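Heads up: the protein sequence lines correspond to chains A and B, in order. Numbering follows the numbering used here, with no gaps: position 399 of the first sequence is 399. Numbering follows the numbering used here, with no gaps: position 173 of the second sequence is 173.
Hints in this document: simulated from the structure, not taken from any laboratory. There could be a bad hint or two in this list.
Below, simulated EDC-like cross-link-like pairs (lysine to aspartate or glutamate); rule was C-alpha separation at most 20 Å, straight line [claimed, not checked]:
id	chain 1	residue 1	chain 2	residue 2
1	A	Lys8	A	Glu33
2	A	Lys339	A	Glu191
3	A	Lys172	A	Glu191
4	A	Lys172	A	Glu373
5	A	Lys336	A	Asp287
6	A	Lys458	B	Glu143
7	B	Lys86	A	Asp253
8	A	Lys172	B	Glu186
9	A	Lys458	A	Glu191
Since we're looking at a predicted model, the values are computed, not measured.
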Amino acid sequence: MVRLPEPKTEILARREEIVAALRRLVPGGPLGEGVISEPLRLRPYETDGLTAYRQPPLAVVLPSSTEEVAAVLRYCHENGIRVVPRGAGTSLSGGALPLADAVVLGLMRLNRILEVDYANRLAVVEAGVTNLGITREVEGEGFFYAPDPSSQLACMIGGNVGMNSGGAHCLKYGVTANNLLGVKLVTIEGEVVEIGGGHLDPAGYDWLGLITGSEGQLGVVTEVTVRILRAAEGARAMLAAFRSNEVAGAAVDAIIGSGIIPVALEFMDRPAIHACEAFAQAGYPLDAEAMLIIEVEGSEEEQDRLLGRIREICARFDPISLRVAQTAEESLAIWKGRKGAFGAVGRISPDYLCMDGTIPTGELPHVLRRIGEMSRDYGLQVANIFHAGDGNLHPLIMFDANDPESVRRAEAFGADILTLCVEVGGCLTGEHGVGVEKRDLMRAQFTEAELRQQRALKSAFDPQWLLNPAKVFPLEDAPVPARAA
Amino acid sequence: MSGAEAIAPATEEEVAAAVAAAAAAGEPLAIEGNATKRAMLRPVQAARRLTLAGLTGITLYRPQELVIAARAGTPLPEIEAALAEKGQHLIAEPPDFRGLFGAEAPATLGGTVAANLSGPRRIASGAMRDHVIGIRAVNGRGEVFRSGGRVLKNVTGLDLCKLLTGAHGTLGVLTEITLKVLPAPEASGSLAVRVPDLAAGVRALCAGLGSPYGVSGAALLPEGVPEHGLAGPVALLRIEDFADSVAYRLGRLRGELAPHGAATPLEEAASRALWRAVRDAVPLGAAPEEAVWRVSVRPTAGPDVAAALRAAFGARLLLDWGGGLVWAAGPATAEAHEAVVRAAREAGGSFLLFRAPEPLRAAVAVMPEEPPPLAAIARRVKAVMDPAGVLNPGRMRAGF
Ligand SMILES: Cc1cc2nc3c(=O)[nH]c(=O)nc-3n(C[C@H](O)[C@H](O)[C@H](O)COP(=O)(O)OP(=O)(O)OC[C@H]3O[C@@H](n4cnc5c(N)ncnc54)[C@H](O)[C@@H]3O)c2cc1C
Chain A
1 MVRLPEPKTE ILARREEIVA ALRRLVPGGP LGEGVISEPL RLRPYETDGL
51 TAYRQPPLAV VLPSSTEEVA AVLRYCHENG IRVVPRGAGT SLSGGALPLA
101 DAVVLGLMRL NRILEVDYAN RLAVVEAGVT NLGITREVEG EGFFYAPDPS
151 SQLACMIGGN VGMNSGGAHC LKYGVTANNL LGVKLVTIEG EVVEIGGGHL
201 DPAGYDWLGL ITGSEGQLGV VTEVTVRILR AAEGARAMLA AFRSNEVAGA
251 AVDAIIGSGI IPVALEFMDR PAIHACEAFA QAGYPLDAEA MLIIEVEGSE
301 EEQDRLLGRI REICARFDPI SLRVAQTAEE SLAIWKGRKG AFGAVGRISP
351 DYLCMDGTIP TGELPHVLRR IGEMSRDYGL QVANIFHAGD GNLHPLIMFD
401 ANDPESVRRA EAFGADILTL CVEVGGCLTG EHGVGVEKRD LMRAQFTEAE
451 LRQQRALKSA FDPQWLLNPA KVFPLEDAPV PARAA
Chain B
1 MSGAEAIAPA TEEEVAAAVA AAAAAGEPLA IEGNATKRAM LRPVQAARRL
51 TLAGLTGITL YRPQELVIAA RAGTPLPEIE AALAEKGQHL IAEPPDFRGL
101 FGAEAPATLG GTVAANLSGP RRIASGAMRD HVIGIRAVNG RGEVFRSGGR
151 VLKNVTGLDL CKLLTGAHGT LGVLTEITLK VLPAPEASGS LAVRVPDLAA
201 GVRALCAGLG SPYGVSGAAL LPEGVPEHGL AGPVALLRIE DFADSVAYRL
251 GRLRGELAPH GAATPLEEAA SRALWRAVRD AVPLGAAPEE AVWRVSVRPT
301 AGPDVAAALR AAFGARLLLD WGGGLVWAAG PATAEAHEAV VRAAREAGGS
351 FLLFRAPEPL RAAVAVMPEE PPPLAAIARR VKAVMDPAGV LNPGRMRAGF
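Sequences and hints are given; from them, build the entire structure.
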């Protein structure tokens with residue numbers, strides 16, 4: 001199990017006084033009280049999307065403005081209280097997991113859309129606005145916010161910045177970092193700073209780039225300026241199923257080699273196809289070893305031309321089936337199974353771990369073969385979903401959370417997969433972040449000197465390590481004694 | 001400084017050793033590739049130069065994986081040629097500022113990344129910083145470190161690729177860089193729209209960029225395009241895609257832009273030549289003794305900035321990035337600089353004194369000051385990366 005730092009006993013002892021002080025700073029409003037401290041009401045905050053780990057916090061504080069966020073941080077800084085920023089709590093790496101002596105700083109009440117500027121193609125939103133909420137706001141004018149994590153209905157833009165989240169369409173449109181113009185950041189001292197704004201590439205250090213994906217280690221984001229894009233005229237998908245992972249991988253290479261960059265290029269292996277088909281009845285070919293969902297954009301004629309070209313390419317790889325959607329509805333049907341993948345695996349297995357490594361795409365067949373072997377060795381099933389264009393692999397490891405031995409094996413299996421990703425030239429995480437989950441694997445990717453430098457950079461923002469400690473960096477390095485949770 | 005003694009390492013270890021020795025001796029280094037951008041930003045206070053020109057060569061190129069890696073001193077044209085051979089290109093369309101800086105040797109990859117220089121395609125497909133997926137570098141202690149890697153998606157640890165891109169060598173010496181690349185579009189073409197004034201021009205650019213046709217370049221040429229007999233101002237919009245799509249999209253775009261002015265289609269060769277010129281700021285026509293500034297604002301604020309600079313010192317102008325990047329050329333005086341600073345501030349944007357004779361660069365802030373809390377963080381970050389202050393001191397700001 002994951003280890004968390006020893007709580008500061010003097011903070012635990014001052015709990016009531018701290019809660020009272022926070023209530024004065026964040027009295028709350030029409031949405032409810034500003035501070036939650038009753039054990040029962042803390043329950044929803046004791047875990048995030050990585051539900052295997054649970055830890056109730058000292059208290060939860062729910063500010064409604066940047067000023068309140070600043071006041072809370074100033075108070076916590078002065079009193080040496082740890083702070084865990086939280087958006088929707090959908091992190092799959094335990095990024096928002098509380099600590100016993102920490103205040104969870106929930107941003108969900110900062111949920112206003114402050115400005116939409118179509119001429120300049122940007123929107124200024126508060127950190128607690130959901131990812132999909134941005135697109136919903138602007139789609140009437142034909143615009144959208146591009147990064148589309150599968151959790152987009154729930155996850156918040158502040159959390160997306162925290163994790164530098166991606167989605168199925170980032171092959172064409174990039175990840176969160178590529179779609180931001182600025183943030184309002186509150187430092188641990190409670191200072192409010194504007195970074196970037198409505199303009200591109202301001203002179204000076206790229207603070208925006210450093211903060212994006214920093215997992216709440218450097219400051220708390222209260223506002224985000226995002227780029228919004230005009231949507232293409234239309235989009236359509238096709239499905240291509242193959243006899244082996246190798247052949248499907250070669251087809252992906254051939255598509256990219258032809259100069260076509262689809263907006264999405266998703267790969268599913270046999271277990272994933274079966275799980276999704278049982279769940280969604282999307283008409284996936286059950287005799288295939290691997291399947292691709294390929295989506296293109298443009299006018300109807302452009303879609304026809306591109307899909308025709310891709311179909312021709314796939315036809316060279318002895319496909320088991322090729323299905324080109326003729327309408328938007330048929331396209332939705334093709335996506336239906338893939339979009340329901342998490343629910344589908346959840347139906348087969350009581351619990352699953354969603355892993356998130358990235359590999360050089362050419363290594364896919366080798367990596368899938370090794371994962372298959374590990375699956376047999378650990379005695380745990382695994383289904384693989386892969387953003388094939390950019391090498392981001394999501395093995396879903398199925399296990400039973402009520403069986404400690406199964407949990408242990410699932411964690412070890414996951415760690416082996418991620419180590420393999422690094423070995424073949426990839427990395428530990430493509431979009432879910434390090435969090436607590438991959439913290440202790442960081443040494444597989446970085447040298448001691450590299451980790452020391454990153455830790456020192458965190459200290460440059462947060463000298464006392466009050467912001468989301470025990471995440472990202474191996475715990476042994478933390479300047480506090482450790483204990484098992 | 002060009003006369004300063006040069007250290008020319010041939011390997012990354014030699015770079016690390018040179019920096020470690022400089023740190024131990026407390027002797028600052030001016031970090032250079034081919035030194036094409038020496039007249040950019042503030043003059044560096046260093047007795048010795050560390051040139052990366054000896055660290056050359058492409059170290060990895062996987063066209064199907066859309067990645068290329070090269071040592072920092074590799075000339076950009078060498079990388080572009082290797083990519084072109086496989087039908088690919090650098091996404092951010094980095095400029096060739098040899099003309100602007102009066103340099104002879106081509107820019108290196110390291111210098112281009114350290115300065116985060118992007119061309120017209122930046123507006124559609126991101127800046128250099130968006131495509132740097134991995135770096136190897138030497139910090140001010142002489143330690144080699146890596147960030148990112150050779151895969152397109154990576155959120156493992158703090159993103160030092162972005163921190164070092166655009167840091168002008170003040171936080172680390174880049175030794176090797178891995179970039180995401182893309183297939184070069186099969187075809188391209190442009191529309192040149194004659195507009196009554198700059199504000200109308202930016203409206204046309206906004207309309208194009210807000211259309212569903214994937215405009216990949218949107219610039220405004222105040223003096224028009226004399227070589228095509230088009231008097232200014234001219235709004236220029238580009239489409240890059242498969243040939244059939246370019247034809248279709250230019251047609252639709254022309255219809256959509258009709259209310260903004262008469263559009264002249266430019267066929268492929270003419271379009272390419274013109275965008276190369278825009279990329280390299282040629283239409284700005286900056287005279288050698290003049291200063292050149294870049295102001296970055298919301299695109300719709302571009303015309304106001306332009307008007308303010310014209311009124312203040314008769315600036316010659318070129319607008320790119322949909323109107324949000326205002327290039328200005330004018331007298332290299334503190335007064336002109338102050339006008340740029342004011343215009344950028346009033347528009348809520350950023351500025352850079354891009355090129356100037358040394359006295360001006362040495363005398364003024366070449367980029368906006370940071371708010372005090374961020375300036376304090378910046379000092380601590382600099383102390384982490386370069387505790388002895390030996391990497392390009394003074395290049396960005398006094399002390400940085
Ligand atoms: C079913 C499911 C599908 C998913 N699919 C994807 C996917 O396709 N792609 C993908 O990338 N991710 C995916 N995720 C992971 C997760 O949704 C993303 O990481 C998301 O960005 C987290 O947003 P959140 O609001 O839930 O943030 P949280 O989980 O609350 O927090 C995430 C991290 O950011 C920090 N943080 C949150 N808000 C702020 C703030 N305002 N300022 C500073 N730090 C902050 C937190 O401390 C934490 O470290 C999925 C998760 C689930 C459960």
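Each hint tested on the structure:
1. A:Lys8 / A:Glu33: Given pair Lys8 (chain A), Glu33 (chain A) is violated - Cα atoms ~26 Å apart, limit 20 Å.
2. A:Lys339 / A:Glu191: 41 Å, violated
3. A:Lys172 / A:Glu191: Distance of about 36 Å is beyond 20 Å: violated.
4. A:Lys172 / A:Glu373: Violated - the C-alpha atoms of Glu373 (chain A) and Lys172 (chain A) are around 33 Å apart, more than 20 Å.
5. A:Lys336 / A:Asp287: 19 Å, holds
6. A:Lys458 / B:Glu143: 18 Å, holds
7. B:Lys86 / A:Asp253: At roughly 13 Å apart (the allowed maximum being 20 Å), Asp253 (chain A) and Lys86 (chain B) satisfy the hint.
8. A:Lys172 / B:Glu186: The given pair, whose Cα atoms are some 17 Å apart, holds under the 20 Å limit.
9. A:Lys458 / A:Glu191: 16 Å, holds
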